[in-house]
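Q: Protein chains in written order, with the working numbering: chain A, 1 to 267; chain B, 1 to 332.
Where hints are given, some of them may not hold.
[As the list claims (entries may be wrong)] Simulated DEER-style distance windows between Cβ atoms:
{"#": "1", "chain 1": "A", "residue 1": "Leu71", "chain 2": "B", "residue 2": "Val158", "range": "52 to 60 Å"}
{"#": "2", "chain 1": "B", "residue 1": "His98", "chain 2": "A", "residue 2": "Val177", "range": "27 to 35 Å"}
{"#": "3", "chain 1": "B", "residue 1": "Asp55", "chain 2": "A", "residue 2": "Gly91", "range": "52 to 60 Å"}
{"#": "4", "chain 1": "B", "residue 1": "Val158", "chain 2": "A", "residue 2": "Val205", "range": "17 to 25 Å"}
{"#": "5", "chain 1": "A", "residue 1": "Val177", "chain 2": "B", "residue 2": "Ser68", "range": "45 to 53 Å"}
{"#": "6", "chain 1": "B", "residue 1": "Val11", "chain 2": "A", "residue 2": "Leu115", "range": "31 to 39 Å"}
{"#": "7", "chain 1": "A", "residue 1": "Thr140", "chain 2": "B", "residue 2": "Val11", "range": "54 to 62 Å"}
{"#": "8", "chain 1": "B", "residue 1": "Ser68", "chain 2": "A", "residue 2": "Ser41", "range": "29 to 37 Å"}
{"#": "9", "chain 1": "A", "residue 1": "Leu71", "chain 2": "B", "residue 2": "Val151", "range": "47 to 55 Å"}
{"#": "10", "chain 1": "A", "residue 1": "Gly91", "chain 2": "B", "residue 2": "Val151", "range": "45 to 53 Å"}
{"#": "11", "chain 1": "A", "residue 1": "Gly185", "chain 2": "B", "residue 2": "Val151", "range": "42 to 50 Å"}
{"#": "12", "chain 1": "B", "residue 1": "Leu149", "chain 2": "A", "residue 2": "Leu115", "range": "47 to 55 Å"}
{"#": "13", "chain 1": "B", "residue 1": "Leu161", "chain 2": "A", "residue 2": "Leu255", "range": "48 to 56 Å"}
{"#": "14", "chain 1": "B", "residue 1": "Leu149", "chain 2": "A", "residue 2": "Leu71", "range": "51 to 59 Å"}
[Unchecked claim] Example chain A residues on the side facing chain B (calculated, C-beta under 10 Å, incomplete):
{"#": "15", "residue": "Ser41"}
{"#": "16", "residue": "Ser43"}
{"#": "17", "residue": "Tyr45"}
{"#": "18", "residue": "Tyr58"}
{"#": "19", "residue": "Met59"}
{"#": "20", "residue": "Ala96"}
{"#": "21", "residue": "Phe173"}
{"#": "22", "residue": "Leu176"}
{"#": "23", "residue": "Arg196"}
{"#": "24", "residue": "Val201"}
Please keep in mind that the hints were generated in silico from the structure rather than gathered at the bench.
Because the structure is a prediction, the values reported are computed rather than measured.
Glycine residues also receive a C-beta, built at the ideal position from the N, C-alpha and C atoms.
Listed below, chain by chain, are the residues.
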Amino acid sequence: MTPIPQIPVSTSRWARDWAEWVRGWWQIIHVGAQILVLALSPSSYRKSQRAVMARNLYMATAPLLPGFTLLSALISLIIIRIVVATTLSYGLSQYALELLIRTLVLELLPLSVALFVAVRYTMPQGKDVRDMRLRGDFETLWRAGGDPARDELLPRVGAGVFAVVLLAAVSCFVALVLTYLNVYGFRTWGFAGYTRSVGQVFSPVVVLIFCLKTIFFSLAVSLIPIVFTPRVDQGDFKGMNAEIKVLARLFAVILLIEVVSLVGNYY
Amino acid sequence: MDSSTQSPPPVANLELKARLLILLLVLLLLGSVVYVLVARGAFERTQQVVLVADDSEGVVVGMDLTFSGFPIGRVGRIELSDDGNARILVDVPRKDAHWLRTSSVFTMESGLVGGTRIRAFSGVLSDPLLPDGAVRRVLRGDAKAEIPLMVASVRELVSNLSSMTGPDAPLSGSLRNVQTATEKLNGPGGGLGLLFGNDADARKIITTLDRTNALLTKLDGLTLKADGLATKTDVLISNADRQVFGPSGVLGDAQATVIQLNGLLADARTSLKKVDAVLLEAQAIGANTREATTDLSALRAEVEGSLRKVEHLVNEINRKWPFARDTELKLP
């Protein structure tokens with residue numbers, strides 16, 4: 001990877017903080033671009049790489065899938081009951097389906113998935129990567145003829161992206177099924193009307209924003225914890241350790257993506 | 001390096017499991033795409049209805065056209081026509097198009113809660129089907145548009161109320177008069193004093209009432225006398241009843257007379273029948289007499305004929321006979 005230029009010591013503290021902040025984000029974007037290029041390169045999917053990719057993919061998804069599906073189903077069920085009961089009591093039940101699809105499927109579940117995958121998989125993996133870098137394992141690998149970005153980072157980032165997308169798809173599917181069952185029960189007569197309501201919510205713009213949001217969530221969750229930034233990993237940032245700093249940065253990015261998607265959907 | 005120094009435990013059939021996870025993701029994504037396309041009506045055969053409105057506010061692409069509360073179509077496009085009206089192009093699936101007839105009416109309503117709704121009403125379902133691409137005017141009802149008018153009316157009402165309840169308003173004067181009237185009601189003259197304005201007139205009314213009471217007492221006496229007269233009339237009528245309708249009353253005698261008259265009439269009827277028989281016999285005798293009279297005429301004619309012949313014979317004898325007399329008259 002290209003070394004990051006050092007900031008001169010003579011610079012003021014405010015300017016140094018600002019420069020480090022910019023340098024950190026630039027590092028993330030730079031590594032993200034490298035990973036993207038590697039992901040699109042056929043050489044990254046050689047047989048020797050495939051096993052590593054498969055392992056990361058499995059380890060990122062399989063342990064999380066049952067627990068998160070159960071948890072999301074439980075939370076969805078509670079929210080569905082609250083929304084259905086409230087709209088019924090106010091005589092606004094015709095808006096219940098749209099409200100549920102918009103709140104659960106479009107907003108809450110992708111956000112929960114991103115945070116869940118970050119806490120359970122990508123942040124521990126990011127710590128491992130940063131430790132490897134600090135120990136000098138990347139240089140060793142480089143000298144041995146390997147590529148740390150291709151061999152270590154790409155499988156982790158790919159697995160993180162895959163986990164977010166798969167868990168989001170599964171949880172949204174479960175939420176849609178639970179919504180139908182809560183509103184119509186175990187009967188099929190309401191399926192056409194329900195499908196129509198779903199279709200009304202998922203306009204082309206909403207689908208596009210939903211897909212982009214999920215992809216950006218997955219990229220943020222996979223990249224930010226893994227990328228080494230001097231401000232986070234070396235500096236003593238108000239006494240916080242690196243994990244908290246990464247989580248704060250990740251949370252800020254996720255929040256920003258969510259706000260932008262809300263603006264796109266409702267303005 | 002962690003991954004090399006502390007290698008994680010191996011996973012059985014790792015590649016297969018990874019492939020299954022990828023397959024699951026692909027299936028979910030493909031299923032979602034197909035489901036959303038179906039939900040958006042991408043695979044439905046549709047026909048188009050063009051609704052023309054003077055204002056398309058609240059109408060969005062994808063909103064439903066409902067019939068009896070059921071969605072039967074959705075807005076596909078909204079455009080501005082050359083004459084300045086909004087053209088709302090509604091796609092109606094062929095399977096639901098039979099609900100729309102040539103006589104169907106379309107309305108667009110904006111309630112206080114919720115968005116705009118487009119509804120179709122088909123009163124006569126036996127009318128011809130609405131053709132594809134038909135253009136219909138949509139009737140618009142906007143509850144929100146009524147709010148400014150309502151606010152203006154309320155403001156006018158409040159203004160009127162203020163002018164009515166002001167210190168110099170007629171209503172205040174009326175209320176003061178009511179208070180004065182109430183005070184008079186509670187005074188010695190009471191309600192009559194309030195009605196006539198002074199006590200003298202009120203006293204006159206009381207005197208009139210007293211006289212009316214006396215008159216009513218006299219009327220009571222007259223009524224009692226009339227009652228006595230009525231009692232006597234009742235007795236008289238009962239006596240007359242007894243005389244006429246009693247066991248030895250006039251009516252019994254009249255009934256006996258009538259019975260006797262009936263007997264007399266029966267006798268008279270028998271006598272008349274006998275007279276009829278006599279008349280019949282007389283008619284028969286008359287007929288016989290008529291026949292006899294006819295025969296007599298013939299006989300008479302014959303007798304007369306015979307007599308003439310005899311006379312002629314006598315004349316002939318007299319003429320031929322020598323001692324015939326000269327019957328001839330010779331004039332000198």
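Q: So, for every hint listed, does it hold in this structure?
A: Tested hints:
The hint said 52 to 60 Å for the Cβ distance between A/Leu71 and B/Val158, and at roughly 57 Å that hint holds. A C-beta distance of roughly 33 Å is found between B/His98 and A/Val177, which places it inside the suggested range of 27 to 35 Å. Separated by about 27 Å at the C-beta atoms, B/Asp55 and A/Gly91 break the suggested range of 52 to 60 Å. With their beta carbons about 46 Å apart, B/Val158 and A/Val205 fall outside the hinted range of 17 to 25 Å.
Separated by about 29 Å at the C-beta atoms, A/Val177 and B/Ser68 break the suggested range of 45 to 53 Å. Between B/Val11 and A/Leu115, the C-beta spacing of about 26 Å breaks the proposed range 31 to 39 Å. A beta carbon spacing of about 26 Å between A/Thr140 and B/Val11 contradicts the range 54 to 62 Å that was offered as a hint. For B/Ser68 and A/Ser41, the hinted distance range of 29 to 37 Å is not satisfied, since their beta carbons lie about 59 Å from each other.
Separation of A/Leu71 from B/Val151 is about 51 Å and conforms to the stated range, judged on CB atoms against 47 to 55 Å. Taking the beta carbon of each, A/Gly91 and B/Val151 are about 26 Å apart, not inside 45 to 53 Å as hinted. Between A/Gly185 and B/Val151, the C-beta spacing of about 45 Å keeps the proposed range 42 to 50 Å intact. A hinted range of 47 to 55 Å holds for the C-beta pair B/Leu149 and A/Leu115, which are about 51 Å apart.
Remark: the range hint 48 to 56 Å for B/Leu161 to A/Leu255 is upheld by a beta-carbon distance near 54 Å. At roughly 53 Å, the beta carbons of B/Leu149 and A/Leu71 sit within the given window of 51 to 59 Å. Because the closest C-beta pair between A/Ser41 and chain B is about 19 Å apart, greater than 10 Å, the hint is violated. Interface hint status for A/Ser43: violated, as the beta-carbon distance to the closest one in chain B is roughly 19 Å, over 10 Å.
About 13 Å separates the beta-carbon of A/Tyr45 from the nearest beta-carbon of chain B, more than 10 Å, and the hint is not met. Because the closest C-beta pair between A/Tyr58 and chain B is about 5 Å apart, less than 10 Å, the hint holds. For A/Met59, the suggested interface contact is upheld, since its CB lies about 7 Å from the closest CB of chain B, less than 10 Å. Restraint check, A/Ala96 versus chain B: the minimum CB separation of about 12 Å is more than 10 Å; hint violated.
For A/Phe173, the suggested interface contact is upheld, since its CB lies about 6 Å from the closest CB of chain B, less than 10 Å. The beta carbon of A/Leu176 is positioned within 10 Å of a beta carbon in chain B (closest approach about 9 Å), and the interface hint is therefore held. Here the hint on A/Arg196 is kept, as its CB sits about 6 Å from the closest CB of chain B, short of 10 Å. At its closest, the beta carbon of A/Val201 sits 9 Å from a beta carbon of chain B; the interface hint therefore holds under the 10 Å criterion.
Violation of the numbered hints given earlier is confined to hints 3, 4, 5, 6, 7, 8, 10, 15, 16, 17 and 20; the remaining hints are satisfied by the structure.
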